[in-house]
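*Asks:* The lines below spell out each chain.
Protein chains: 2
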Amino acid sequence: MGDDIPSMEESLPAVFLELSKTFERLENHYKDMQDIEFTVERGQLWILQTRSGKRTAKAAFKIAVDMAIAGQISSDDALLRIDPLSLDQLLHPTLDPNAKRDLLTMGLPASPGAAIGEVVFDSDEAEELKKAGKKVILVRTETSPEDIHGMHAAEAIITSRGGMTSHAAVVARGMGRPCVSGAGDIRIDYESQKFVVMNRVVKRGDTLTIDGATGQVFVGSVDMMQPELSEDFSKIMAWADTARTLQIRANAETPLDVKTAKEFGAEGIGLCRTEHMFFEESRLAHFREMILASDKKGREDALAKILPVQREDFAAIFRIMEGRPCTIRLLDPPLHEFLPHTEEDIVLVAKSIGVTAKELMLRARELAETNPMLGHRGCRLGISYPEIYEMQARAIFEAQIIVEGETGQKPNAEIMIPLVSSPEELEILCKVIKTLADKIDAKNYSIGTMIELPRAALLADEIANHAEFFSFGTNDLTQTTYGLSRDDAGKFLPDYVREGIIEKDPFVTLDKAGVGQLINIASSKGRKTRNDIKLGICGEHGGDPSSIEFCHNLGLDYVSCSPYRVPIARLAAAQAAILSKRV
Amino acid sequence: MGDDIPSMEESLPAVFLELSKTFERLENHYKDMQDIEFTVERGQLWILQTRSGKRTAKAAFKIAVDMAIAGQISSDDALLRIDPLSLDQLLHPTLDPNAKRDLLTMGLPASPGAAIGEVVFDSDEAEELKKAGKKVILVRTETSPEDIHGMHAAEAIITSRGGMTSHAAVVARGMGRPCVSGAGDIRIDYESQKFVVMNRVVKRGDTLTIDGATGQVFVGSVDMMQPELSEDFSKIMAWADTARTLQIRANAETPLDVKTAKEFGAEGIGLCRTEHMFFEESRLAHFREMILASDKKGREDALAKILPVQREDFAAIFRIMEGRPCTIRLLDPPLHEFLPHTEEDIVLVAKSIGVTAKELMLRARELAETNPMLGHRGCRLGISYPEIYEMQARAIFEAQIIVEGETGQKPNAEIMIPLVSSPEELEILCKVIKTLADKIDAKNYSIGTMIELPRAALLADEIANHAEFFSFGTNDLTQTTYGLSRDDAGKFLPDYVREGIIEKDPFVTLDKAGVGQLINIASSKGRKTRNDIKLGICGEHGGDPSSIEFCHNLGLDYVSCSPYRVPIARLAAAQAAILSKRV
Chain W
1039 MGDDIPSMEE
1049 SLPAVFLELS
1059 KTFERLENHY
1069 KDMQDIEFTV
1079 ERGQLWILQT
1089 RSGKRTAKAA
1099 FKIAVDMAIA
1109 GQISSDDALL
1119 RIDPLSLDQL
1129 LHPTLDPNAK
1139 RDLLTMGLPA
1149 SPGAAIGEVV
1159 FDSDEAEELK
1169 KAGKKVILVR
1179 TETSPEDIHG
1189 MHAAEAIITS
1199 RGGMTSHAAV
1209 VARGMGRPCV
1219 SGAGDIRIDY
1229 ESQKFVVMNR
1239 VVKRGDTLTI
1249 DGATGQVFVG
1259 SVDMMQPELS
1269 EDFSKIMAWA
1279 DTARTLQIRA
1289 NAETPLDVKT
1299 AKEFGAEGIG
1309 LCRTEHMFFE
1319 ESRLAHFREM
1329 ILASDKKGRE
1339 DALAKILPVQ
1349 REDFAAIFRI
1359 MEGRPCTIRL
1369 LDPPLHEFLP
1379 HTEEDIVLVA
1389 KSIGVTAKEL
1399 MLRARELAET
1409 NPMLGHRGCR
1419 LGISYPEIYE
1429 MQARAIFEAQ
1439 IIVEGETGQK
1449 PNAEIMIPLV
1459 SSPEELEILC
1469 KVIKTLADKI
1479 DAKNYSIGTM
1489 IELPRAALLA
1499 DEIANHAEFF
1509 SFGTNDLTQT
1519 TYGLSRDDAG
1529 KFLPDYVREG
1539 IIEKDPFVTL
1549 DKAGVGQLIN
1559 IASSKGRKTR
1569 NDIKLGICGE
1579 HGGDPSSIEF
1589 CHNLGLDYVS
1599 CSPYRVPIAR
1609 LAAAQAAILS
1619 KRV
Chain X
1039 MGDDIPSMEE
1049 SLPAVFLELS
1059 KTFERLENHY
1069 KDMQDIEFTV
1079 ERGQLWILQT
1089 RSGKRTAKAA
1099 FKIAVDMAIA
1109 GQISSDDALL
1119 RIDPLSLDQL
1129 LHPTLDPNAK
1139 RDLLTMGLPA
1149 SPGAAIGEVV
1159 FDSDEAEELK
1169 KAGKKVILVR
1179 TETSPEDIHG
1189 MHAAEAIITS
1199 RGGMTSHAAV
1209 VARGMGRPCV
1219 SGAGDIRIDY
1229 ESQKFVVMNR
1239 VVKRGDTLTI
1249 DGATGQVFVG
1259 SVDMMQPELS
1269 EDFSKIMAWA
1279 DTARTLQIRA
1289 NAETPLDVKT
1299 AKEFGAEGIG
1309 LCRTEHMFFE
1319 ESRLAHFREM
1329 ILASDKKGRE
1339 DALAKILPVQ
1349 REDFAAIFRI
1359 MEGRPCTIRL
1369 LDPPLHEFLP
1379 HTEEDIVLVA
1389 KSIGVTAKEL
1399 MLRARELAET
1409 NPMLGHRGCR
1419 LGISYPEIYE
1429 MQARAIFEAQ
1439 IIVEGETGQK
1449 PNAEIMIPLV
1459 SSPEELEILC
1469 KVIKTLADKI
1479 DAKNYSIGTM
1489 IELPRAALLA
1499 DEIANHAEFF
1509 SFGTNDLTQT
1519 TYGLSRDDAG
1529 KFLPDYVREG
1539 IIEKDPFVTL
1549 DKAGVGQLIN
1559 IASSKGRKTR
1569 NDIKLGICGE
1579 HGGDPSSIEF
1589 CHNLGLDYVS
1599 CSPYRVPIAR
1609 LAAAQAAILS
1619 KRV
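First to last, the sequence lines map onto chains W and X. Per our numbering, the first sequence runs over residues 1039 to 1621. Per our numbering, the second sequence runs over residues 1039 to 1621.
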């Protein structure tokens, strides 16, 4: 307002007083800051509209906590006022809202947080530059498990292909790295080390800023704000823990991630993906040796070399989790994922493990699959090569003995068999594991299965005869129920959202009508056979508030999500519990 | 028996007489030729065991018909005595059981019949040699739609990869060509035009014999016996048609296959796969032009060139089927299946359609999918590119008008939308088709959907609001329910059968516990919304007797199978009807 216009207080003192009182009344009534529209016509005040005022996550947080402490609202009400997803803003760096920016392109908001770095197209190079003290952003068409070290080294990841649950997205969320996936306008030319978006060219070494919470990619560096975890944050989390009944676990396997998860309040590990452990260079060689072995003896020899490393993997997790339950999923991905793909890599790897390139190529071709998602993976590997699962079970049991010896605490292992579609598969593999457990007198373990195929859900009553727990693998269950590959869906899901066919990406928010129906069927059938069966979910949906509410209402025991999502899940679980009591 | 041993009649006349009477009594009692074990101890006759005698399909057939005609058994009983699958022996050439043979290897019995020919590794070459009057056997790692002409030209097909419902297997059964699929010991070296099995080398031009009913491959030529369709065959079929309530349709699209299906007694087309029509060279170019078009206008121009050809495709089918129902499935496979894959082919094709190889390569790469089975296909194409489905619907309607003008008979078109997972998809596409139908005043059609995804089965009540019929696509429904790719399962299903986890290949015999449960759910839900909804199945299971029995018991309206399986299905449907009445 300019100086020449008198203030309302001066020009209309009576109306101003009335307005002030109305403000106070409305804010007391709604117990929230109000955004009020009014007009004054011929000296008469008209209130046109009132609604709770918009604010930043930080402000909302502060207001809710302050009002609860002042006794204006209950702690339950304070919890209901905070959007769980807004916690991302409190946990990650964000772009300064006032900063100048030059938008280059957009992709999916695959993992929140903002980051600045120079463009690099190769994971090895990312690692080297990181060692040299540089901040880099890894840009790839897609990532694969062979890029893990590059993703660790990078500040953020951009992919031109893949959805919200593509490899890049899932791994980045787990690591807490910002990520923009499926930025389809980007055309990468690895050879000339550049990418093109429309008519703009970005070269290796150029600086970019990304905002993983919005999926935006900017040219140059944009000013950022660092997160501060306030005391208020701890208060909200404590209130949430009192209110919720659902347990919150985390999906994690590296000691770093497991530690992060525990610090964020995870009450257990809901999904430890053992295959991630095989991608480190030292053991990858042994694992490849196992894949290339021509008989069981050869496989066993190679597995014997992996056993001590795998045992130490589990011991490290057990030490950190101090007796909390740890669900360890036995090997899941198809074996060809562990073999090199390009001709160049094949030659290199063949040399390093002492076979000819032709042999390696033949085996890789033999293992190649048309639809790997529906292929020779999960417990199907355990049926074909029981020695793999036996080695993993042995590593778990021996790690338990070691850690119990060190600490006196009994590590709590839940051994999980993936991709079961028939009760018989589970029966056979349970026998393999139990026979071994009896031999080495292991006791503190249970065996359960993922329910991630429609057939497993439909036959859950029979499967529960052999399973002490079910963990719903909602990523794969969504893929098979919809017949929709999460790696490929990015190309046409936008058409579906535009046409109003799909409201929300079913890989982000659980599809209650379809996938939820199967979870419901499986829960009832499972409980019918075994009324104390433990039920949880471990897909990406474990960190999505609306999916968490669904799980609470179904009476599941826990949800498991990425470490950085644990606070979100704790709050969302509290909200679900509060709301269900109020109905 | 030598001359020096007296016959039983001579040495033990009383016992012989008793035995003869017992034989007669047993055969009258069981109304079947008996295979009897007996012993004579100290002059006393002991009958140890009796059972119906084993016989060839032909003999069993003859005995059953003769006994029914003689009034010894009813026609229903005659029908129950014939194994439907044994009809394959009557419909296809078989190996002479006494012929010498040199077994090379085994694969899956993918399509019955025996054949002799010389080895060829390329479909174009197969066609040329056929034109030159040679008989060839096409040997490929896998086949793809681009091999159709080669499969037509070949006497038989062998693949080293793929299961009972791989492309090769399905297409071969449809054509009535013998096929051995997934012969995993065969290592093909296309470059040097040979393949190796263990230590044996087979070169291009070498003669092989295959038995598609057993999956055996022999070196050289083995003597064969030709089938004769007897009068008895017609009698059995006539009795079967009286007994059964299930309708039998065929999966067919070429005029040749449609004619064969009708001759074998198909009462309609249950699945006309329109994409097969696009693989002929003349139209493939237009279709590729459509795929490469950068906008809707470009796609519409290319589709306009395909319209007249597609219209004539449908007209030909309508003429043959003379008013019988024809279920026409709109485009189903992902677009990348229509693009060339090898660098060599890309260069060739690019030249022929007037784009650069780089452009074509880029588009092919853009369209490539990690899991094509779960990708951008079926009605998802219709949502992204409604102009494709609109062109196909127009071709159907215009073909109806043409054929009605010629014959006065109204062709009965059932337009089927594939891969539906949400009611909204069907609603949108129905609107596209109905708007067009109203515009050109088409009336004699209905719109329905495949139920081939678990989500569609679970939401069948809502989907039935927009569907006048459901056709269960049991191939894909099995793939998604089990999370099992039929192209990849061949590698480990043998382990599963060995371990007793799976009794029968679920792609051959319907999995009643899992997939059957979904069919049951969908049927009930569908009927709840629309009590006269027409229900059928059109997967490969439509030709499998035990699956047919399941469909009969569920009260489905029809099953649809490969043309050569129609007689099997007619008999199996009759048996199911007879047995269900007797319970």
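If you are wondering where the hints come from, they were derived from the structure by calculation, not from laboratory data. Treat the hints with care, since some could be wrong.
For chains that are exact copies, the list does not tell them apart, and a pair is met inside one copy or across any two.
Straight-line distance between alpha carbons at most 30 Å, and here's what the computed DSS-like set of lysine-lysine pairs gives [to be verified]:
#1 K1389 with K1529
#2 K1389 with K1100
#3 K1542 with K1469
#4 K1343 with K1529
#5 K1563 with K1550
*Asks:* Hint by hint, say whether it matches the structure.
*Replies:* So, going through the hints one by one against the coordinates:
1. In this assembly of identical chains, the alpha carbons of K1389 and K1529 lie at most 30 Å apart only when taken from different copies (28 Å versus 38 Å within one copy).
2. Taking the closest pair of Cα atoms, K1389 and K1100 never come within 30 Å of each other, the shortest separation being 60 Å inside a single copy and 66 Å across copies.
3. In this assembly of identical chains, K1542 and K1469 lie within 30 Å of each other by CA distance solely across copies; the values are 23 Å between and 42 Å within a copy.
4. Within a single copy, K1343 and K1529 get their C-alpha atoms only as close as 42 Å, which misses the 30 Å cut-off; across copies the closest is 27 Å, which meets it.
5. Taking the shortest Cα distances, K1563 and K1550 sit within 30 Å of each other both inside one copy (18 Å) and across copies (18 Å).
Comparing the model with each numbered hint stated earlier shows that hint 2 is the single one that does not hold.
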